[in-house]
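K.L.:
Residue numbers (the numbering used here), protein chains in the order written: chain A, 16 to 211; chain B, 397 to 502.
One thing to keep in mind: the hints can contain errors.
Among chain A residues calculated to face chain B with C-beta under 7 Å, some are [stated by the list, open to error]:
(1) F22
(2) S61
(3) L85
(4) L93
(5) L98
(6) V109
(7) L137
(8) T145
(9) G158
In silico DSBU-like cross-links for lysine-lysine, where the CA-CA straight-line distance does not exceed 35 Å [to be verified]:
(10) K75/A to K419/B
(11) K481/B to K75/A
(12) K75/A to K418/B
(13) K419/B to K45/A
Just so you know, the hints here were simulated from the structure itself, not pulled from any lab data.
Just so we're clear, the structure is a prediction, and the values are computed from it rather than from any experiment.
For each residue, glycine too, the CB sits at the ideal point set by N, CA and C.
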Amino acid sequence: MLYLLFFAVGILLTVTGLLPEVLKDERISKGILYLLLFLVGLQIGSGKNILRVLGRYGAKIMLLPLATTLGTFAGVSLISLLLPDRSLTDCLSVGAGFAYYSLSSILITSFRGAELGTVALLANILREFTVLLLAPWMVRYFGPLAPISAGGATTMDTTLPFISRYSGEEYVVIALFHGMVIDFTVPLWVSFFLSL
Amino acid sequence: MTLLPVLLSIVGGVASGYLLRKKSVVRYTSRLLNGVIMLLLFFLGISVGSNQQLVTRFAAIGMDALLLTLGGTLGSLFCARWVYKQLFQRNNNHTPTGKGDKQEKP
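Please build the complete structure, drawing on both the sequences and the hints.
P.N.:
Right under this line is the structure:
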């Protein structure tokens, strides 16, 4: 939530005209964006958790991130039929945020503008909220893997306690692995769809 | 055109992270990452605030976001159910038995 405060302060300063013009230069945020992506990579490269988990469960554990990705893209593609003003690739890039609202909206804003960036911000915040609010319902109707899939990239941090509680503690490792994989693929998918 | 610099930044990060994995500097990565994300969200606020059209069309934008969330989340829920039924429910050799296992099949 602290993240959103920074977002709100940015809006407020601009709307009230208190912001120095220099800061409106898009090259600044683009430069920081590459730093962000570098840091995302640094975190993945220096971590050793993924391989350890893979050894314990085998390749089968890879199927859940795959299911999350395919299911999300299928659902978002269907929705794009209802949104004639938005292209399929734009919709897919929003979906490819997988609840990682900060990174996806930042990327989309720098490459497609603030309008789609805002759609991405809202859509991906909503996706995280959905898990926080509906996790028990998801487990009941779609099984214990459901809140993990719905949580997307957040299943290694914000939604993990909810998964542990409603799916069961034995799903924590699967959720951690799922979160790490999806987290890693968010910048790749988003930029892939934006470059199409 | 947008993919290459993005990819290079990430791959460069993964490589540096791997080389530095035993050094203590990498322990500060996540803290630094949080700071950078906050900074960028501040800049995102700036681009949203300086876009007048965006402010006036906010309701329509929110509706699009809601629909996309609905589609993406439901799609992933159905796929998660399929994976659970196909792979996790049938053989319990090295998979955990969760609360869901005790449920009746619909």
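K.L.:
Does each hint fit the structure? Answer for all of them.
P.N.:
Going through the hints against the structure:
1. F22: 4 Å, holds
2. S61: Since chain B brings a Cβ to about 4 Å from S61/A, closer than 7 Å, the hint holds.
3. L85: This interface hint holds because 6 Å falls under the 7 Å limit.
4. L93: Interface hint status for L93/A: holds (6 Å vs cutoff 7 Å).
5. L98: At about 6 Å, which falls below the 7 Å cut-off, the nearest Cβ of chain B leaves the hint on L98/A intact, so it holds.
6. V109: 5 Å, holds
7. L137: 4 Å, holds
8. T145: Holds: closest Cβ of chain B sits about 5 Å from T145/A, inside 7 Å.
9. G158: Constraint on G158/A satisfied, holds at 4 Å.
10. K75/A to K419/B: Holds. K75/A to K419/B sits at ~33 Å (cutoff 35 Å).
11. K481/B to K75/A: Measuring from Cα to Cα gives roughly 13 Å; hence the hint holds.
12. K75/A to K418/B: 30 Å, holds
13. K419/B to K45/A: Between K419/B and K45/A the Cα gap is close to 28 Å, so the pair holds against 35 Å.
This entry satisfies every hint, going by the numbered hints stated previously.
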